[in-house]
Amino acid sequence: MIARLRFLWNETWQALRRNPLLQVASISTACVALVLVGVVGMTLYKLDAVAQMLPKQFETEVFLKFEATREQALELKAKLEAMPEVARVTLVPREQAWAEEQARLASEINLKDLPNPLPDKLVLATHQPDQLPAVAERIRQEPTVDEVIDQRETLRQVLATARLVRMVGLSAISLLLLSAILLIYNTVRLTIYSRQREVRVMALVGASLFTMRTPFILEGIVQGGLGGLVGATLVLVGAGLISDYTLQLWPFLRDLPPGLPPSLLLVSLPGLGALIGGLCAGWAAQRFVRV
Amino acid sequence: MVELRKVSVEYGEHHALHQVDLLVERGEFVFLVGTTGAGKSTLLKLLYGALKPTEGRIWVLGTEVNRLKPREIPTLRRQLGIIPQDYPLLPRKTVWENIAYALSAIGYNESAVRQRVAQVLARVGMSDRARYYPDQLSGGEAQRVAIARAIANRPPLLIADEPTANLDPETSWEIIDLLLQINLRGTTVIVSTHNRAIVDRARQRVVALDRGRIISDVPHAGYPVELDRLYPPIPL
Chain A
1 MIARLRFLWN ETWQALRRNP LLQVASISTA CVALVLVGVV GMTLYKLDAV AQMLPKQFET
61 EVFLKFEATR EQALELKAKL EAMPEVARVT LVPREQAWAE EQARLASEIN LKDLPNPLPD
121 KLVLATHQPD QLPAVAERIR QEPTVDEVID QRETLRQVLA TARLVRMVGL SAISLLLLSA
181 ILLIYNTVRL TIYSRQREVR VMALVGASLF TMRTPFILEG IVQGGLGGLV GATLVLVGAG
241 LISDYTLQLW PFLRDLPPGL PPSLLLVSLP GLGALIGGLC AGWAAQRFVR V
Chain B
1001 MVELRKVSVE YGEHHALHQV DLLVERGEFV FLVGTTGAGK STLLKLLYGA LKPTEGRIWV
1061 LGTEVNRLKP REIPTLRRQL GIIPQDYPLL PRKTVWENIA YALSAIGYNE SAVRQRVAQV
1121 LARVGMSDRA RYYPDQLSGG EAQRVAIARA IANRPPLLIA DEPTANLDPE TSWEIIDLLL
1181 QINLRGTTVI VSTHNRAIVD RARQRVVALD RGRIISDVPH AGYPVELDRL YPPIPL
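Order-wise, the sequence lines are chains A and B. Each residue of the first sequence is one higher than the last, beginning at 1 in the working numbering. Each residue of the second sequence is one higher than the last, beginning at 1001 in the working numbering.
Rather than coming from a laboratory, the hints here were simulated on the basis of the structure. If you're wondering where the values come from, they're calculated on a predicted model, not measured in any experiment. Just so you know, even glycine gets a beta-carbon here, dropped at the ideal spot from N, CA and C. Some hints could be false.
[Claimed, not checked] Non-contacting residues of chain A with respect to chain B, defined by C-beta distances greater than 12 angstroms in every case (computed):
hint : residue
1    : M1
2    : V205
3    : D244
[Unchecked claim] Which chain B residues face chain A? A few, computed with CB under 8 angstroms, are given here:
hint : residue
4    : G1012
5    : K1045
6    : G1062
7    : P1070
8    : I1073
9    : R1078
10   : A1100
11   : Y1101
12   : I1106
13   : N1109
14   : Y1231
15   : P1232
16   : P1233
17   : P1235
[Claimed, not checked] Label pairs and their calculated CB-CB ranges:
hint : chain 1 : residue 1 : chain 2 : residue 2 : range
18   : B       : R1071     : A       : L256      : 52 to 58 angstroms
19   : A       : P257      : B       : K1069     : 53 to 59 angstroms
20   : B       : Y1133     : A       : D244      : 41 to 47 angstroms
21   : A       : V267      : B       : K1069     : 53 to 59 angstroms
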């Protein structure tokens, strides 16, 4: 067993050392593909976080009829709180709303002598942003409700943008991964051709298929893993530089949610590279390494 | 040891082998002779599972080869010594490493490899060339290394496909003489060749093939007269 493991490792190590140009080609191919995956992944993560964050800022304002009493307002509040989609409901009494309005416009106009024209108001948020329109529609049916402002159009646009970002990002990642898979597969195929004599000798002396194929699979894992490691480093360095530059240009970007954690990228890209490298090499070995 | 029953190999309309029956007993030395395209290499490839017959059954060392799945073929090959026509030596490995590589690939540990490589190199008279690379060897020496590699796992059956191709007459005989010595130690040997001189000189069993059929099978014979009738030697 130890002799066999040593043979497999020697084969892999010698193959990695013997064809340096081919190895550089494989590793850089994996690296380029995984850098693109990393960049798209990071961008997607950030945009997705922004897209997820924005709808939380949308709340529905429910204006009650002017003649509605405080008891009716509290009753409606309790009724809305019982809805499963509703996360929270806040009652803004008309006195409070008017005081706030007076304070807000104090520098422009004196409203203190005017009678309060505002009704009681309920401010409502749902668990999921896309639940807001349906909930608003149901609230409109309430007899004590005068008007519901749900910012439906704005919300629809934000959600559509978030969906588009996800779709485009996932499609781009899928295409890039597919191209990485085909490129690594092709490189391993070339490696197998370049070592046809070794394969043939192994086949003639009766080496098992496992012994014949494993070095190529290990080679693919090493190539993919190294490509991923170099790729992750490039992505992190590049992201750091771009981030510093853009924050200098647009300081408001500091308020955006944080991006993908660097440790996650440093683990996931080499891991993904090794997985893809191993699978591609296994696929190529199964097709081209035969007894 | 080796038995073929009604074996045919067809490539579309072409019959590489047609209804071939053959029995080789343990300890025999058999020449397969015939012109290029007679079916010699096809027959040998059937024995080590590199080809599947279109019909018929093949037994080698008690295993029915035509029924083997790809993953089972290595087990059979570990009991065979195979010398293909181009005896592929690894150009970046020394003579010693070429043989050691083959043994390591089938699970020999380091000390067993050291011991066995030394033994087989001595057997084929190549101990003094152990550190040479293949491109530093003559054709005959390279063929000896290929033979050493093939017998390293002590196979009971040795299969050699045109081992004297591209070798001069003297070296060709040295290679056949080496195979005869291996046969004398109990290994069954099947050799394909179209080298008239060595067949005449060795006086072993000769099976003649022509266009995929066995046309003669004679023990302790020279080059078959049947082939001479079909393909008269070209006068120089």
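Results for each hint:
The beta carbon of M1(A) is not kept farther than 12 angstroms from every beta carbon of chain B, the shortest such distance being approximately 8 angstroms. Under the 12 angstroms C-beta cut-off, the non-interface status given to V205(A) relative to chain B is violated; the minimum distance is some 4 angstroms. For D244(A), the non-interface assignment is confirmed: its Cβ lies about 49 angstroms from the closest Cβ of chain B, beyond the 12 angstroms cut-off. For the restraint placing G1012(B) at the interface with chain A, the shortest Cβ-Cβ distance is roughly 22 angstroms, beyond the 8 angstroms limit, so the hint is violated.
Because the closest C-beta pair between K1045(B) and chain A is about 11 angstroms apart, greater than 8 angstroms, the hint is violated. Because the closest C-beta pair between G1062(B) and chain A is about 16 angstroms apart, greater than 8 angstroms, the hint is violated. For P1070(B), the interface hint holds, since its Cβ comes within 8 angstroms of a Cβ in chain A; the closest pair sits about 6 angstroms apart. Because the beta carbon of I1073(B) sits about 5 angstroms from the nearest beta carbon in chain A, less than 8 angstroms, this interface hint is met.
Given hint, R1078(B) at the interface with chain A, holds; its Cβ is 3 angstroms from that chain's nearest Cβ, closer than 8 angstroms. Contact between A1100(B) and chain A, as hinted, is not supported at the beta carbon level, the nearest pair being about 10 angstroms apart and thus beyond 8 angstroms. Against a cut-off of 8 angstroms between C-beta atoms, the interface hint on Y1101(B) holds, since the closest Cβ of chain A lies about 7 angstroms away. The closest approach between the C-beta of I1106(B) and any C-beta of chain A is roughly 6 angstroms, which is under the 8 angstroms cut-off, so the hint is satisfied.
Nearest Cβ of chain A to the Cβ of N1109(B): about 4 angstroms, under the 8 angstroms cut. The hint holds. With a cut of 8 angstroms, the hint placing Y1231(B) at the interface with chain A is violated, because the nearest CB-to-CB distance is about 31 angstroms. Checking P1232(B) against chain A: minimum C-beta separation of about 36 angstroms lies over 8 angstroms; hint violated. About 34 angstroms separates the beta-carbon of P1233(B) from the nearest beta-carbon of chain A, more than 8 angstroms, and the hint is not met.
Annotation: P1235(B) was flagged as interfacial toward chain A, and the flag is violated, the nearest CB pair being 39 angstroms apart, outside 8 angstroms. Between R1071(B) and L256(A) the beta carbons are some 55 angstroms apart, a value that agrees with the proposed interval 52 to 58 angstroms. At roughly 56 angstroms, the beta carbons of P257(A) and K1069(B) sit within the given window of 53 to 59 angstroms. In this structure the supplied range 41 to 47 angstroms is violated for Y1133(B) paired with D244(A), their Cβ-Cβ distance being about 56 angstroms.
The supplied range of 53 to 59 angstroms is broken by V267(A) and K1069(B), whose beta-carbon atoms lie about 40 angstroms from each other.
Checked against the numbered hints listed earlier, the structure breaks hints 1, 2, 4, 5, 6, 10, 14, 15, 16, 17, 20, 21; every other hint is satisfied.
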